[in-house]
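Participant: Chain V is already provided as a structure; the job is to place chains B, S and P on it using the hints.
There are 4 protein chains.
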Amino acid sequence: MAVSRVRLGMIGGGAGAFIGKVHRQAAALAGGIDLVAGAFSRDPASNAETGRDCGLSAQRVYASWQALLDGEGRLDPAERINLLAIVTPNHLHAPISGAALRAGIHVFCEKPAALSSAEITELAHLLAQGKALYGLAHTYQGYPMVWQARHMVQAGAIGRLRKLHVEYPQGWLSDDLAGQGNRQAAWRGDPQLAGQGGCIGDIGTHAFSLAEFVSGQRIERICAHLATHVPGRALDDDCAMLFTTEQGASGVLLASQVCAGEENALKIRLYGDKGGLEWRQEEPNSLIHRALDQPMRVLRAGANHGWLCDEALRRIRLPAGHPEGYLEAMANLYADFALAIGGSRRAAAALPGIETGVRGMAFIEAALASHTSEAKWTPLGAYP
Amino acid sequence: MAVSRVRLGMIGGGAGAFIGKVHRQAAALAGGIDLVAGAFSRDPASNAETGRDCGLSAQRVYASWQALLDGEGRLDPAERINLLAIVTPNHLHAPISGAALRAGIHVFCEKPAALSSAEITELAHLLAQGKALYGLAHTYQGYPMVWQARHMVQAGAIGRLRKLHVEYPQGWLSDDLAGQGNRQAAWRGDPQLAGQGGCIGDIGTHAFSLAEFVSGQRIERICAHLATHVPGRALDDDCAMLFTTEQGASGVLLASQVCAGEENALKIRLYGDKGGLEWRQEEPNSLIHRALDQPMRVLRAGANHGWLCDEALRRIRLPAGHPEGYLEAMANLYADFALAIGGSRRAAAALPGIETGVRGMAFIEAALASHTSEAKWTPLGAYP
Amino acid sequence: MAVSRVRLGMIGGGAGAFIGKVHRQAAALAGGIDLVAGAFSRDPASNAETGRDCGLSAQRVYASWQALLDGEGRLDPAERINLLAIVTPNHLHAPISGAALRAGIHVFCEKPAALSSAEITELAHLLAQGKALYGLAHTYQGYPMVWQARHMVQAGAIGRLRKLHVEYPQGWLSDDLAGQGNRQAAWRGDPQLAGQGGCIGDIGTHAFSLAEFVSGQRIERICAHLATHVPGRALDDDCAMLFTTEQGASGVLLASQVCAGEENALKIRLYGDKGGLEWRQEEPNSLIHRALDQPMRVLRAGANHGWLCDEALRRIRLPAGHPEGYLEAMANLYADFALAIGGSRRAAAALPGIETGVRGMAFIEAALASHTSEAKWTPLGAYP
Amino acid sequence: MAVSRVRLGMIGGGAGAFIGKVHRQAAALAGGIDLVAGAFSRDPASNAETGRDCGLSAQRVYASWQALLDGEGRLDPAERINLLAIVTPNHLHAPISGAALRAGIHVFCEKPAALSSAEITELAHLLAQGKALYGLAHTYQGYPMVWQARHMVQAGAIGRLRKLHVEYPQGWLSDDLAGQGNRQAAWRGDPQLAGQGGCIGDIGTHAFSLAEFVSGQRIERICAHLATHVPGRALDDDCAMLFTTEQGASGVLLASQVCAGEENALKIRLYGDKGGLEWRQEEPNSLIHRALDQPMRVLRAGANHGWLCDEALRRIRLPAGHPEGYLEAMANLYADFALAIGGSRRAAAALPGIETGVRGMAFIEAALASHTSEAKWTPLGAYP
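Residue numbers (UniProt numbering), protein chains in the order written: chain V, 1 to 384; chain B, 1 to 384; chain S, 1 to 384; chain P, 1 to 384.
Check before you lean on any hint, since a few could be wrong.
Identical copies go unnamed one by one, so any copy, or any two together, can satisfy a pair.
To be verified - The calculated DMTMM-like cross-link candidates involving lysine to aspartate or glutamate, where the alpha carbons are at most 20 angstroms apart (straight line), are:
1) Lys-111 with Glu-122
2) Lys-131 with Asp-76
3) Lys-267 with Glu-282
4) Lys-267 with Glu-119
5) Lys-267 with Glu-212
6) Lys-111 with Asp-310
7) Lys-131 with Asp-70
8) Lys-267 with Glu-283
9) Lys-274 with Asp-175
10) Lys-131 with Glu-79
11) Lys-274 with Asp-176
Keep in mind that the hints were calculated from the coordinates and are not lab data.
So here's chain V without its partners, still in its complex pose (with noise of 0.2 angstroms):
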């Protein structure tokens, strides 16, 4: 079957940026898909450069994310975007969603997918019309021992669950950063950009969907206690909650980004009554595997092994002890993005998508409802 190729554009993700060049990377290692227009910054000469170093014509390098969306609707169908990535703020992630679905561009956005609970609400019904796809950048759901854990959970291998367990410390947020002209950090501090999440929504979120995605449990309840530990910072820069299942397990969820010397640590442990299973996202290609029957066994990333699962297996690139990392879980999202795009459900249904984003969005308001309650639990709210 010839599957055509994507046609990319992008919002954000100029000179400075991390995630844009992130996103850019991981769609070339992807395959298939082209980058062919981009709207990359505010400031006119870093948009043109930006756009000339990604090999993009000069008449497809707009000023604004509108312009994008307008001069891309007059192109000729087979040849203007069909995917746009939205890589900017938070607080652009909902309008331009919403402006790119109406024109039936398929949207892959970085997360948070919205501000409020009205913002994804609204993106919800979008979508319910079928018109154009739509994901959301939750890198960790790329990796292929990810989708191994969350394989050996359905399939019994740990047996019912009891515990959960997930964290997340970074540390570069210890020191003032934004104060220091930061601009990662700065924007990433303003509420009106970030929204009301600080770690919480920029990393939490994270965890949380992690927790959810390999244990295919849903958290019904909290009890989150944040901080902000930087003077100075306007959000919360630390989280941690306790928390139980809809199915009566129970855990801990950590966030920080004030652990200090701690890089992006995030690791998860599930323990049920036959077994444990434990991932960290610095050591991405092992997974460690304790049943209480048998030694402790090490699965590694790898494409000959017969205990595999085909979820992880078609995640993976090379031969084991050929380390993959970040850049290629992102990439699994665009290449499962794109055989969506050919139609395929199964890629399609492998993707995160509005529902994980309306999760985020109702951890993050409980978790700040929790923060300032003086009841031991709040409810994750329900949404549509």
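Facilitator: Chains B, S and P in isolation, oriented as in the chain V frame:
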């Protein structure tokens, strides 16, 4: 200075017990301590056999702890025991400790110090009379790198403490061992013998004490969730809590005995505004230091390094790379007790004592109260 | 400065091949490189399919490498390929390289550069004419922490080098895969296609080049023992050797493809009179530094640290804790090749080139000679 | 069965010595062994002090090893020592061993057993008379997971052995410690006291014995390169060799005391046609098993697992996750010696004995011969 050898007696620790043999091996390893009397088991045959194995004369193997105190009391002071190790189930800790202290015999007691605030208050009053020394077997405080971590916190290596995470996952109670006849599991699950805390008392207190010891801070309030995952079990087998300290740091404490496949994975992490520290009991000879302004460092136990503090160095027996472990840590407590009996104030101060027991009791009671409370925070009670 | 995009052609790399796809992904990840022509397979269907998958126009998917050079030669110079990736079995490396270089096309060739000294001498003569650039795909030289290690050796961080240990255990040829139809294993085991070296040529040369690259020293003489452990295999599947360098250091080199269960465990350790360094390919983002006068340090890849050298930093795409791997390392070679084509002398100098191929050839020949020699030491031969 | 307690004497091990104190602590930890006599140092004050520290009566602290044997010989047989630990510099090992054995006293001797073939032949003849037992302190043979590895090799877990790699890098002699007054370093560097082998004798023999013990194969021939890296040092401080076994496996042995920054990193790896095993002394409670047909497994020491062999289990004191280390390993040798004295044939067979000493001597002599030979291979000589 010639130091007299210590004459040790032991209550508990007959065949099938775990911790009693650990104490005997640790005392032997410490040096300068002779086990000379014991009441190891209420089963006469077992009692006699343990006595023979330990090389005791038959006259000094007693039928009960009361008989031991009586019998030893009739011996010449230069011959009778001057240190008593109490390694019975929990409910006997306070009664035996009290009787021994009244008899002027130093006491080294397994934790918990007592089952109730009333009991422990009485012990504290006794100790205030200064007739004898008292130590609590918080083994993990015997590890050299735990002292090094504490030293580095005090010396400012990580700056002002912000976050404190301590976890103690075990998996050995994932099944109903008590129902299968395991004696260790049985008495730990019986409120009459173990007290009201299951996991929270058995290992939660270790995590708690380690956190307060290394950080030098006192936990002020907690928000705890306990659980009993194995049907038929009377006490909790799992707990998690949020906490804040009197100095304003916050953190999480996890302890569980149903983390299937975990062995004895006590771990502590501290993060300040200048760096972080991490120590894992299962790899006790390493201490990870992540300063904000230098590469991650791994400090290793070993006798010759300029960067280890005195308190760490004096707890190390071997050159780097010759692993020391749990028995050596316990032996360090015995060694300090021998030195304390010989008059060393430094060693006496280094021993976990009744105040550690008081804190542990406050912790257990607060955890149980918090668990059933609908309020978020429960303060740690005040004790004598 | 506007850098022109590189127009890449590829010989080899059809369906079922491993390294061809790696090159395509790495080139895409590097950025600035467009694959525009290929002769991927002698099987017409496979050739065409790979071309389609890569988005090539059918006219530029050629039936043979000769046809590719002919066809591209007839295109406008601004359109024809200016870089050729050679990812065929070994016996074609030198013939294709020679033809391309004569046509003025830059060559990026999989290792080994050639099958014999005669072939490589001819390549070296061609290159001396300066018509085109040449790079050899020693992927491991693309890792940032390999450059950091080399930098630290040069900067004196470990003092004068005494010991140099390099090992490369794999296990994937523990069974007779060639007999089971594995094509990767089959051609590697055929002297006509692979050359006289089996394991020694396939991965021994990687270990050797890494040792010379990181240490900055040349291996002067070796004492080698080769073995073929799997019945029916024509070439060695295992080798080990002692060696000394021209500067007086000594060491051991291990390479094996029958170390059952090992994945791709390339590791190098260097010890000088002031400290040691250790790097493992399977955890490529860490570099261990053990100085005699300070605690062990673990240097981690990541963009913002003051202690990483420029050559390491420019090979890092992501913040610390976002793992990069093998594809990123290969992409770094492509990125340098693109820069070199654009005129960067620094990038050109950073590429492993023909001299690396010459050394590798000398290494293989010396290893084979040493293996059958009864003398202890065999010198590495001199080449042009 | 009532086992009589062992009455231990010790030669060597005064203040400042390393291994003497290790023996005393290990004997205490083993249980059932009472240190009752010693000649710890030729310095009278040091000798007396060590005796007091050990709780010995002054009459049984002797001025020399001859005085000890004389004095003990005059005591009642039920009181005199029945086991003698020899922890002197190497040159006294054989003379003292011989004298003790002739007196009917069991001997537990530090390695090497002797300085020459002549000496060791004489010891072997003495032992053939069966008057007393003899054990050689190859500590690493006391680790439970070393026995587990040996068991798994014998049970076929890795199939037919192909490769055997053993390495023992230390860094403590990177500087001229002897010149700086370090006594441990001084006698090890003096051929009169240490014998002709420096590093090769001190730690090379440990690596060699471990390789033969775990593999169950005998090394047949070696090709060795020794070096002395620190100026002024009389003996080798570094060695490396290729070898083959009588059964056709091949491998590499490294031992060095100038691997700057390394601690005591003894490691062994075995690869057969069905899988591989790896054990590291610095993390002795884990054994890695890589079978070709299943995920990597990590076997952990701990008392309750069904997959550990009897010989491993009986060397484990604690539940999994309570680390045991070097002293426990040495204590396991003492415990076996006590059992052997009590009549256990199994324990007697488990002790490293004179045949281990004979092999070690053959190894040192072959290594020295190979180093100066221009032939590639040197056979291990035959001994009585």
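Participant: Run every hint past the structure and note whether it holds.
Facilitator: Against the structure, the hints come out as follows:
1. Proximity of Lys-111 and Glu-122 under a CA criterion of 20 angstroms is satisfied intra-copy only: 16 angstroms inside one chain copy versus 56 angstroms between copies.
2. Within a single copy, Lys-131 and Asp-76 get their C-alpha atoms as close as 18 angstroms, which meets the 20 angstroms cut-off; across copies the closest is 43 angstroms, which misses it.
3. With identical chains, the CA atoms of Lys-267 and Glu-282 are at most 20 angstroms apart both within one copy (8 angstroms) and between copies (19 angstroms).
4. Within a single copy, Lys-267 and Glu-119 get their C-alpha atoms no closer than 30 angstroms, and across copies no closer than 42 angstroms, so neither meets the 20 angstroms cut-off.
5. Proximity of Lys-267 to Glu-212 under the C-alpha cut-off of 20 angstroms is restricted to the intra-copy arrangement: shortest distance 13 angstroms within a copy versus 25 angstroms between copies.
6. Neither within a single protomer nor between protomers do Lys-111 and Asp-310 lie at most 20 angstroms apart by alpha-carbon distance, with minima of 27 angstroms and 33 angstroms respectively.
7. Taking the shortest Cα distances, Lys-131 and Asp-70 sit within 20 angstroms of each other inside one copy (18 angstroms), while across copies they are farther apart (47 angstroms).
8. Taking the shortest Cα distances, Lys-267 and Glu-283 sit within 20 angstroms of each other both inside one copy (10 angstroms) and across copies (17 angstroms).
9. Taking the shortest alpha-carbon separations for Lys-274 and Asp-175, only the inter-copy value of 9 angstroms comes in at or below 20 angstroms, while the best intra-copy value is 43 angstroms.
10. Taking the closest pair of Cα atoms, Lys-131 and Glu-79 come within 20 angstroms of each other only inside a single copy of the chain (18 angstroms); across copies the shortest separation is 39 angstroms, beyond that limit.
11. Taking the shortest Cα distances, Lys-274 and Asp-176 sit within 20 angstroms of each other only across copies (12 angstroms), while inside one copy they are farther apart (45 angstroms).
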